[in-house]
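Colleague: Take a look at the letters that make up each chain.
Number of protein chains: 2
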Amino acid sequence: MSRTGSRQTDHLYQKIAADIAARISAGQYKPGQRIPSIRHFASVFRCNKLTVQKAFGLLRRQGIIENIVGSGSYVRYPHKIGSTGEIFDFKTDYIEVGFFPYRQVQAIYNDLFVKEKSGALAPVDVKGEPGLIRALSRLYHVPAESIIIISGAQQGLDLIAKLFAFKITDAILFEDPTYPGAISLFKARHFVAMDGQGPRLDQLDSKLHSRIQLFYSMPAVHNPTGQSYSPRVKEAISRRARKHDFYIIEDDYLSEFARQPLPRFIDLVPENTIYIKSLSQTTVAGLRLGFMVVPPKLYDKVLYAKFTSDIASNGLVQKFFARFIEKGYYQQHLAAIGKKITYRRKRLIRLIDSFDFLDCHGHSQQGYSLWISSKRKLDITNAPWRRGSEFSFDPNYRDYFRLSFMHLSDDHFEQGLDYLAKILRYLD
Amino acid sequence: MSRTGSRQTDHLYQKIAADIAARISAGQYKPGQRIPSIRHFASVFRCNKLTVQKAFGLLRRQGIIENIVGSGSYVRYPHKIGSTGEIFDFKTDYIEVGFFPYRQVQAIYNDLFVKEKSGALAPVDVKGEPGLIRALSRLYHVPAESIIIISGAQQGLDLIAKLFAFKITDAILFEDPTYPGAISLFKARHFVAMDGQGPRLDQLDSKLHSRIQLFYSMPAVHNPTGQSYSPRVKEAISRRARKHDFYIIEDDYLSEFARQPLPRFIDLVPENTIYIKSLSQTTVAGLRLGFMVVPPKLYDKVLYAKFTSDIASNGLVQKFFARFIEKGYYQQHLAAIGKKITYRRKRLIRLIDSFDFLDCHGHSQQGYSLWISSKRKLDITNAPWRRGSEFSFDPNYRDYFRLSFMHLSDDHFEQGLDYLAKILRYLD
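These protein sequence lines are chains A and B, in that order. Under the working numbering, the first residue of the first sequence carries the number 6, and numbering increases by one thereafter. Under the working numbering, the first residue of the second sequence carries the number 6, and numbering increases by one thereafter.
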């Protein structure tokens, strides 16, 4: 039979699978990369979504792609782990969206339109919705008049980058390790190593020359180490901020899940602190909401930068979140998530402790990630975790990794534990 | 009676009014400035909102503050117009929020949570929600793979400012007059005068030196002039963009309300066009949504700038708007608004034409503003319109003004016409 003839008798889904496989071999989609959605291919091949789904199934069985639960289909690395064609995401440090009480969310949105009618869609001030500002001021114990609502913590960093635009690279100190998004935004170059207490003061002092204007810091539930600064170190840094007149960017990553609340920089040196709080990190990634607390000297400048960035953050979302706090739902959500974190951390630590080559540093970590060092090389390419090298240029962190454990549903967490155990046994 | 004694017998609302009046005399709130809300003062004075409302009423009767409908209370200029203590807002170029079909909006939000459950809150790709991208691609006839969803047109400009950060001031040409938000963001310095056909080509040519990389343009329903470029001028500029290799920033301000659709720069020279579309401008200011169409050469850079700015635009709002388009509601809304624009423009032109010292330039304007020149000095300080000097540094535009007429409800529009007539008679 001729090639053409055989092709014509092939099932459409097999042709589609072959086409996608060819694109992968040609390098259009690379190992570890997400391939477009079923919907996308259905439109490309002008066929039913079910047909593309069948093609994806075939590719999965052939070990060409794999499914990351809740994320999509990825080109599989040549090196295989497991046999289900699925991997579990311990990379993403957001909370699984299914834990967010969407029925309460739905009720609030509905209520907003009933009570406020078209006013629900009215524009808000650049600085944010007054109701949300009041609610956050009470909940987070920060002065309402210093709050600016932003579209997520990343925007807060971006506004600061705008304010200090010129030569910022040489004007800002970072912790080492630190948040990769800050490294790339600020093109970070100057680092202060962390120890068990926080940033090392001797290193901080040696780098505090006259050009330093900013210190980017995650003092409560640090990312990725999960540590919180000791009160002594926090006070020492506060004194230095006052003396050398630099600003501390206090990125409050996850203090809601810290074991005990400690005074923050915004409490100790409010004049020198730019406080940034992500509200997506404690709720769902899709919320895209956060706030800043800005000292009076910088307030107007930050507000202007916010205005030129996007006029104001979405008002409806702000109104929603104000009510979500007022009704106590946010606080209930934090409490429920806190319990899950405790349970899951215990399970994960038990697993990590069963491997002699791994160390998660005295169980003093907080938040929903674990920062783990390994005595063996972590030379697998399709690791489901984030590697140390993403958080630090220091080669000592090359065999560290961060496991974030709240982005999986309860079922997937259980399966994910088995999956992790399999990978770790392979490395052992 | 002693001063103290008399104070004690005063009513609380009178004390509050006196306190606010004292703040105004002391310059804490300046003429034309909005004073904080009733709610704010209620919390400051620890009293009932009704009490503050009474204080505001007293201040209004005393001619100290005035109410801008739908906006708040403002410190009144010493120079008074009218007697009601109210002025009407012909400044704001957004559509009155009450015209937006909030019941349909409510139904869609509700439906989203019913159908997608917690998935409604899932995060989206940096480039935007696929469903919205598809819907916009179809509706606006632009390639889906070039679309990036943004949080309003201002963010689009901001992303471009980031891309061309260094020396952008000398790399970008502007129309004269042009949008004030662009002037301040880009610190505009180089302008090309507009005539009835669009930017003057002789001026454009004389300014197209080697450093020019961008031309910021509003070719359809230009802000503030309400003109659209002639096809001949558009083609001439397209040729120059190709030849001199600069990018046209095509800010599509309100082409939905143009009398006839003309080929856009994105159609004529897609390789050299960065198209920006505000979706708030055609719906409600509070939507904070828009999109860009970016040529392949710049796409990844713009996407990265978007990521470092705010990760992604709010997913729920994007999902809402995708459905709003899919159900045809957006198109219905545009049609309904289009009719209102036609009616109101006619009424306003009739008013303007009744004054010999005013000219609105042959009725060729489109969109929901009127750009009017005056033979008399416009020396009133509390004008309800935007002055020519906000759109241009050219002294010839000093006695121009822009009347935006869609930010008022139907009732307020009628009252606003009388109010305008009163001011114009005063100037005549």
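Please note that a few of the clues may not be correct.
Copies of the same chain are indistinguishable here, so a pair counts whether it falls within one copy or spans any two.
With a cut-off of at most 35 Å between alpha-carbon atoms, the simulated DSBU-like pairs for lysine-lysine come out as follows [said to hold, decoys possible]:
#1 K212 with K54
#2 K212 with K302
#3 K54 with K120
#4 K427 with K192
#5 K122 with K351
#6 K96 with K120
#7 K345 with K172
#8 K122 with K54
#9 K332 with K120
#10 K212 with K172
#11 K120 with K20
#12 K351 with K172
#13 K306 with K192
#14 K351 with K54
#15 K54 with K248
#16 K345 with K96
#17 K302 with K54
#18 K344 with K122
#19 K54 with K332
#20 K172 with K192
#21 K306 with K345
#22 K302 with K96
#23 K302 with K192
#24 K172 with K332
#25 K122 with K345
#26 K59 with K122
#27 K122 with K332
Keep in mind the hints are simulated off the structure, nothing from the lab.
Colleague: If a hint holds in the structure, say so; if it doesn't, say that too.
Modeller: Okay, the hints, checked on the actual structure:
no.: 1; hint: K212 with K54; verdict: neither (57 Å within a copy, 53 Å between copies)
no.: 2; hint: K212 with K302; verdict: within (25 Å within a copy, 40 Å between copies)
no.: 3; hint: K54 with K120; verdict: between (40 Å within a copy, 18 Å between copies)
no.: 4; hint: K427 with K192; verdict: neither (37 Å within a copy, 58 Å between copies)
no.: 5; hint: K122 with K351; verdict: between (47 Å within a copy, 30 Å between copies)
no.: 6; hint: K96 with K120; verdict: between (41 Å within a copy, 28 Å between copies)
no.: 7; hint: K345 with K172; verdict: neither (43 Å within a copy, 51 Å between copies)
no.: 8; hint: K122 with K54; verdict: between (38 Å within a copy, 21 Å between copies)
no.: 9; hint: K332 with K120; verdict: both (15 Å within a copy, 25 Å between copies)
no.: 10; hint: K212 with K172; verdict: both (16 Å within a copy, 31 Å between copies)
no.: 11; hint: K120 with K20; verdict: between (54 Å within a copy, 32 Å between copies)
no.: 12; hint: K351 with K172; verdict: neither (44 Å within a copy, 54 Å between copies)
no.: 13; hint: K306 with K192; verdict: both (22 Å within a copy, 16 Å between copies)
no.: 14; hint: K351 with K54; verdict: neither (41 Å within a copy, 51 Å between copies)
no.: 15; hint: K54 with K248; verdict: neither (63 Å within a copy, 44 Å between copies)
no.: 16; hint: K345 with K96; verdict: within (18 Å within a copy, 52 Å between copies)
no.: 17; hint: K302 with K54; verdict: between (56 Å within a copy, 31 Å between copies)
no.: 18; hint: K344 with K122; verdict: between (37 Å within a copy, 23 Å between copies)
no.: 19; hint: K54 with K332; verdict: between (41 Å within a copy, 21 Å between copies)
no.: 20; hint: K172 with K192; verdict: both (10 Å within a copy, 20 Å between copies)
no.: 21; hint: K306 with K345; verdict: neither (40 Å within a copy, 39 Å between copies)
no.: 22; hint: K302 with K96; verdict: between (38 Å within a copy, 31 Å between copies)
no.: 23; hint: K302 with K192; verdict: both (25 Å within a copy, 23 Å between copies)
no.: 24; hint: K172 with K332; verdict: neither (45 Å within a copy, 49 Å between copies)
no.: 25; hint: K122 with K345; verdict: between (37 Å within a copy, 21 Å between copies)
no.: 26; hint: K59 with K122; verdict: between (45 Å within a copy, 25 Å between copies)
no.: 27; hint: K122 with K332; verdict: both (20 Å within a copy, 21 Å between copies)
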